[in-house]
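> Order-wise, the sequence lines are chains A and B.
Heads up, the first sequence is in the numbering used here, so the first residue is 1 and it goes up one at a time.
Heads up, the second sequence is in the numbering used here, so the first residue is 1 and it goes up one at a time.
No lab work stands behind these hints: they were computed from the structure.
Do not take every clue at face value.
Each pair may be met inside one copy or between any two copies, as identical chains are not told apart.
What the hints assert, rightly or not - With a Cα cut of at most 16 Å, we get these calculated EDC-like pairs of lysine to aspartate or glutamate: (1) Lys194 - Glu219; (2) Lys137 - Glu298; (3) Lys137 - Asp299; (4) Lys321 - Glu204; (5) Lys191 - Asp214; (6) Lys38 - Glu141; (7) Lys194 - Glu179; (8) Lys18 - Asp69.
There are 2 protein chains.
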Amino acid sequence: MEQTINVLDKVNSPEDVKKLGVSEMYKLADEIRHYIIKKVNTTGGHLGPNLGMVEATIALHYVFNSPADKIVFDVSHQCYPHKFLTGRKEGFTNPEQYQAYTGYTAPEESEHDWFKVGHTSTSVSLACGLAKARDLKGGNENVVAIIGDGSLSGGEAYEGLNNAAVLGSNIIIIVNDNEMSIAENHGGLYKNLKLLRDTNGEAECNFFKSLGFDYYYIEEGHNIEKLIDLFNKTKDLNHPVLIHMHTIKGKGLDAAELDKEHYHWILPGELDVNYSPSQGGNDYGSLTASYIEQKSLEDNSIIAISPATPGVSGFSPEFRKKVGIHYTDVGIAEEHAVAFASGIAKNGGKPILAMMSSFVQRTYDQLSQDLALNSNPATLLIFWGGISGADATHLTCFDIPLISNIPNMVYLAPTCREEYLRMLDWSVNQKDYPVAIRVPAGDANPAGQEDNTDYSIINKYKLEEAGSKAAIIGLGSFLNLGRQVKSALKEKLGIEATLINPRFITGLDREMLESLKNNHDIVITLEDGMLDGGFGEKIARYYGASDMKVLNYGAKKEFPDRVPLQTLYERYRLTPDLIVEDVKACL
Amino acid sequence: MEQTINVLDKVNSPEDVKKLGVSEMYKLADEIRHYIIKKVNTTGGHLGPNLGMVEATIALHYVFNSPADKIVFDVSHQCYPHKFLTGRKEGFTNPEQYQAYTGYTAPEESEHDWFKVGHTSTSVSLACGLAKARDLKGGNENVVAIIGDGSLSGGEAYEGLNNAAVLGSNIIIIVNDNEMSIAENHGGLYKNLKLLRDTNGEAECNFFKSLGFDYYYIEEGHNIEKLIDLFNKTKDLNHPVLIHMHTIKGKGLDAAELDKEHYHWILPGELDVNYSPSQGGNDYGSLTASYIEQKSLEDNSIIAISPATPGVSGFSPEFRKKVGIHYTDVGIAEEHAVAFASGIAKNGGKPILAMMSSFVQRTYDQLSQDLALNSNPATLLIFWGGISGADATHLTCFDIPLISNIPNMVYLAPTCREEYLRMLDWSVNQKDYPVAIRVPAGDANPAGQEDNTDYSIINKYKLEEAGSKAAIIGLGSFLNLGRQVKSALKEKLGIEATLINPRFITGLDREMLESLKNNHDIVITLEDGMLDGGFGEKIARYYGASDMKVLNYGAKKEFPDRVPLQTLYERYRLTPDLIVEDVKACL
Numbered sequence: 001m002e003q004t005i006n007v008l009d010k011v012n013s014p015e016d017v018k019k020l021g022v023s024e025m026y027k028l029a030d031e032i033r034h035y036i037i038k039k040v041n042t043t044g045g046h047l048g049p050n051l052g053m054v055e056a057t058i059a060l061h062y063v064f065n066s067p068a069d070k071i072v073f074d075v076s077h078q079c080y081p082h083k084f085l086t087g088r089k090e091g092f093t094n095p096e097q098y099q100a101y102t103g104y105t106a107p108e109e110s111e112h113d114w115f116k117v118g119h120t121s122t123s124v125s126l127a128c129g130l131a132k133a134r135d136l137k138g139g140n141e142n143v144v145a146i147i148g149d150g151s152l153s154g155g156e157a158y159e160g161l162n163n164a165a166v167l168g169s170n171i172i173i174i175v176n177d178n179e180m181s182i183a184e185n186h187g188g189l190y191k192n193l194k195l196l197r198d199t200n201g202e203a204e205c206n207f208f209k210s211l212g213f214d215y216y217y218i219e220e221g222h223n224i225e226k227l228i229d230l231f232n233k234t235k236d237l238n239h240p241v242l243i244h245m246h247t248i249k250g251k252g253l254d255a256a257e258l259d260k261e262h263y264h265w266i267l268p269g270e271l272d273v274n275y276s277p278s279q280g281g282n283d284y285g286s287l288t289a290s291y292i293e294q295k296s297l298e299d300n301s302i303i304a305i306s307p308a309t310p311g312v313s314g315f316s317p318e319f320r321k322k323v324g325i326h327y328t329d330v331g332i333a334e335e336h337a338v339a340f341a342s343g344i345a346k347n348g349g350k351p352i353l354a355m356m357s358s359f360v361q362r363t364y365d366q367l368s369q370d371l372a373l374n375s376n377p378a379t380l381l382i383f384w385g386g387i388s389g390a391d392a393t394h395l396t397c398f399d400i401p402l403i404s405n406i407p408n409m410v411y412l413a414p415t416c417r418e419e420y421l422r423m424l425d426w427s428v429n430q431k432d433y434p435v436a437i438r439v440p441a442g443d444a445n446p447a448g449q450e451d452n453t454d455y456s457i458i459n460k461y462k463l464e465e466a467g468s469k470a471a472i473i474g475l476g477s478f479l480n481l482g483r484q485v486k487s488a489l490k491e492k493l494g495i496e497a498t499l500i501n502p503r504f505i506t507g508l509d510r511e512m513l514e515s516l517k518n519n520h521d522i523v524i525t526l527e528d529g530m531l532d533g534g535f536g537e538k539i540a541r542y543y544g545a546s547d548m549k550v551l552n553y554g555a556k557k558e559f560p561d562r563v564p565l566q567t568l569y570e571r572y573r574l575t576p577d578l579i580v581e582d583v584k585a586c587l
Numbered sequence: 001m002e003q004t005i006n007v008l009d010k011v012n013s014p015e016d017v018k019k020l021g022v023s024e025m026y027k028l029a030d031e032i033r034h035y036i037i038k039k040v041n042t043t044g045g046h047l048g049p050n051l052g053m054v055e056a057t058i059a060l061h062y063v064f065n066s067p068a069d070k071i072v073f074d075v076s077h078q079c080y081p082h083k084f085l086t087g088r089k090e091g092f093t094n095p096e097q098y099q100a101y102t103g104y105t106a107p108e109e110s111e112h113d114w115f116k117v118g119h120t121s122t123s124v125s126l127a128c129g130l131a132k133a134r135d136l137k138g139g140n141e142n143v144v145a146i147i148g149d150g151s152l153s154g155g156e157a158y159e160g161l162n163n164a165a166v167l168g169s170n171i172i173i174i175v176n177d178n179e180m181s182i183a184e185n186h187g188g189l190y191k192n193l194k195l196l197r198d199t200n201g202e203a204e205c206n207f208f209k210s211l212g213f214d215y216y217y218i219e220e221g222h223n224i225e226k227l228i229d230l231f232n233k234t235k236d237l238n239h240p241v242l243i244h245m246h247t248i249k250g251k252g253l254d255a256a257e258l259d260k261e262h263y264h265w266i267l268p269g270e271l272d273v274n275y276s277p278s279q280g281g282n283d284y285g286s287l288t289a290s291y292i293e294q295k296s297l298e299d300n301s302i303i304a305i306s307p308a309t310p311g312v313s314g315f316s317p318e319f320r321k322k323v324g325i326h327y328t329d330v331g332i333a334e335e336h337a338v339a340f341a342s343g344i345a346k347n348g349g350k351p352i353l354a355m356m357s358s359f360v361q362r363t364y365d366q367l368s369q370d371l372a373l374n375s376n377p378a379t380l381l382i383f384w385g386g387i388s389g390a391d392a393t394h395l396t397c398f399d400i401p402l403i404s405n406i407p408n409m410v411y412l413a414p415t416c417r418e419e420y421l422r423m424l425d426w427s428v429n430q431k432d433y434p435v436a437i438r439v440p441a442g443d444a445n446p447a448g449q450e451d452n453t454d455y456s457i458i459n460k461y462k463l464e465e466a467g468s469k470a471a472i473i474g475l476g477s478f479l480n481l482g483r484q485v486k487s488a489l490k491e492k493l494g495i496e497a498t499l500i501n502p503r504f505i506t507g508l509d510r511e512m513l514e515s516l517k518n519n520h521d522i523v524i525t526l527e528d529g530m531l532d533g534g535f536g537e538k539i540a541r542y543y544g545a546s547d548m549k550v551l552n553y554g555a556k557k558e559f560p561d562r563v564p565l566q567t568l569y570e571r572y573r574l575t576p577d578l579i580v581e582d583v584k585a586c587l
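Start from the sequences and build out the full structure, keeping to the hints where you can.
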């Protein structure tokens, strides 16, 4: 292909797109697709969403005048074509620049990007804000929001649509309907979208019209001429417009068109191997799925719930088929998911709701009011919690402050396979508490020691190894770091430190903490998450009036953006050597 | 009226309602209304919502078999008629029992109540959970959710409806359409509700049908026979049903029917005086409104935003009229409100979003992702933050842990009129930070000292009075308690304590904290909110490795329910005497 590429060579900005003829634009689409596939297969990343938006993005930049006209992408995992056309194509065509740009829109990269986003369902509200400021200031630019159909199930999207419809001025909302969320779509709305597709947008019963939008349907979402015509028609109007655009997720790559869920996001090199459904692994997701599969055979009231991210928690297509009614995907609707789980628990069911740490923050009020205030015994599994080198939009270090400060919640931090299964089984079968479990990342390796703990005795820490002078409290996945710190303290300072596995994030074991005062001078807390509002600060508060010294370790309050994990650990002094240094300084 | 009352005498449970004839039921409605008005005018409380639901509640208990059939009330501030019919009428007929029951549904009061709720838009999701558990267990009872039209603008309600529509089994959702939120309704949906009312539910373009519901309209929401007919028709169906019921908010009380916003909730005795629109007071709400009114004359880009609670922040009907386009109510849609404000700020506008502390937790993800991650300079005003004797559903002590642990946010705690105005003006005009201000409660009395602080110097605490040995850090409204503690320390222990007004909740003044080490042994923090995850713990962490003792004071992690404030203060040792006792014990 390399020999024939030439349109992309002359496109460095939206201005250049406007100079192209239609056939050149199609060629440009091919070229962009080629490079997206190559780049994503090298670095990993979002594949299907980007392949589906190539033609529409070209047409957008042909018709609208970015950045005067403002384009807001929802989730923004479909913004790669936009990056090609706004001065950032090198990030895709030149392997040495593959890491130059984020996988999301980023105002610091380009004046054509308005927001740093990564969570879903936000674009309409954000665009409403841009439009409102324009109206206050007397401007006349177009404001465009692009939102995928999967994002429409989120409450914020609806709140935005309901308000956008009565904005009273220009806003153009493009619903990119590719018939998919990450997994398939769920909810009544999606039948209406199908009806609208089946009737070429003509059906009278129309969700968008019911909200008051001037509605346009375009069946051929990859037909550049038709897209340009429609965008021209809806440009510069003085009222809210909704364009319902039908596209194909993964367009142009057979495998991605065929298995839309799998190729939503891929790992490096994944296109070079034949994909076969997972046979279950040794990770905590697979372990969770196996547990639920087994339990659902014995207990009708078990139900696993996912808010559109089944892959996060091991709920593979095979698992979903096997457990049948014992699984439900509520779509991107975390608020509903938590209230729903609370209702199930209230009526004697045993809900197990699995979410990614980064997304649990989408439902704080429901955790507090619908669930915790009612003390209903639902089980929440929080996956991937911890400090990470991820994009700033998908950090996973905030779940401890968020969940652990809600009254009545019991938040548990297992450190190995045995503890996880014991906690999970206890949680599912008890009736007293809303319980969240911070599922460890990585392989679910056994510690080799059976766990027979009665977790109904709340806030009882486990003494892993008794020592003196210094006590290390290693929470969850950082118990292992605690072991390393213990070794280093012995080696460098000759201290035989105590090691504690607290297991409960949500409360203090006052008896154990009090007893440490007898023969310890310092307590070190280690948590795989943000320090502010977290676990360690409560230990510091507990000892505030005493002579006990306390050193808290965890992440700083910040939004690091793709900072390598090791760099973060150094920054936060989360290494045995640095910790020993600090201990030495304060003894 | 007392002489003629007799139907209510024989109604002690839903069973008794089923024995009544229609004319008795109308008489019962009159009696219930009489007592609601009398009781609410004595104790204060929700008036309009309850008056509007009398007939419908009677019809519900006539047709359905509670508690086998399960009725879930949204917000539940319309559940008083339900309480009359489920064994709790004494709480309304007997003045000595007026405080016996909460103003919301409460499972601990009655088996007919399923959830403790008070925040809005939750009923459909909670009811879906009850229904799902029923289906898993093989039950066949009816599950009914009652939701007001005002609650429909909230994202959780939509997420719930979208999922309820595809539940595949029995659920009956009653939309109580009284054409009102607390203030008037806002959003495109409400035009559709009007269209449906105007066409007796016949219009093809129907929001509820677009989601897939089997839809029924009832115009006469106070006609008991028609209600009974419709409920009988929709009972025991095997699929999701939506009943759109038109009622009159405040029904039966002229004043309440006429000014629906004002009589949504009243103070004790309010019906005995002629209501006249507020002329502006000395409270912080009025002060805020005056500031915005003035500023909007000078600056086109100013906009005040309320998520359906304008009364909380002084945005009276008169204010709204005066400022015109410089005010917008987005309806109950806190998530939209925050993202919208972020978008406005991004495009050069100056948004001032005012919310009640209890409701800010409905929008954590938007505060973090849409706003803070983008560092857009929006101003949030958090009203009524602090420990309170309110219902467990409306506590206001969680906003510090919630907001202050989000990176990039600047959360300010003014202690007087001058500081508040200075902070507000700084926030509105700066471009660097998303800022939240914890607006003090009560009168906006001047401290008498002009505030010329440059708040762009972040995290600079104010030394109110220099002393030694003990330092008191009194946050926001608790600076005053700090003054009292200072006096008590002097009087009882002879200590001339230092008093600090930190003003910044979101960061530490390391320079000042470090300097305290020179001549202080103990630092006392006072915060008007929950200790866990809050301000004081960060001070404890800061001093963890030093010899400084730290005592943190604030609320315990719990959901107190209508516990008198003074009792809570004692429980939390938040009195000068108790604090001095603690200081004495640890010096």
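> None of the hints should be skipped; say for each whether it holds.
Taking the hints in turn, this is what the structure says about them:
no.: 1; hint: Lys194 - Glu219; result: within (12 Å within a copy, 31 Å between copies)
no.: 2; hint: Lys137 - Glu298; result: between (64 Å within a copy, 13 Å between copies)
no.: 3; hint: Lys137 - Asp299; result: between (61 Å within a copy, 9 Å between copies)
no.: 4; hint: Lys321 - Glu204; result: neither (35 Å within a copy, 37 Å between copies)
no.: 5; hint: Lys191 - Asp214; result: between (20 Å within a copy, 14 Å between copies)
no.: 6; hint: Lys38 - Glu141; result: neither (36 Å within a copy, 56 Å between copies)
no.: 7; hint: Lys194 - Glu179; result: within (8 Å within a copy, 31 Å between copies)
no.: 8; hint: Lys18 - Asp69; result: within (14 Å within a copy, 63 Å between copies)
Checked against the numbered hints above, the structure breaks hints 4, 6 and satisfies the rest.
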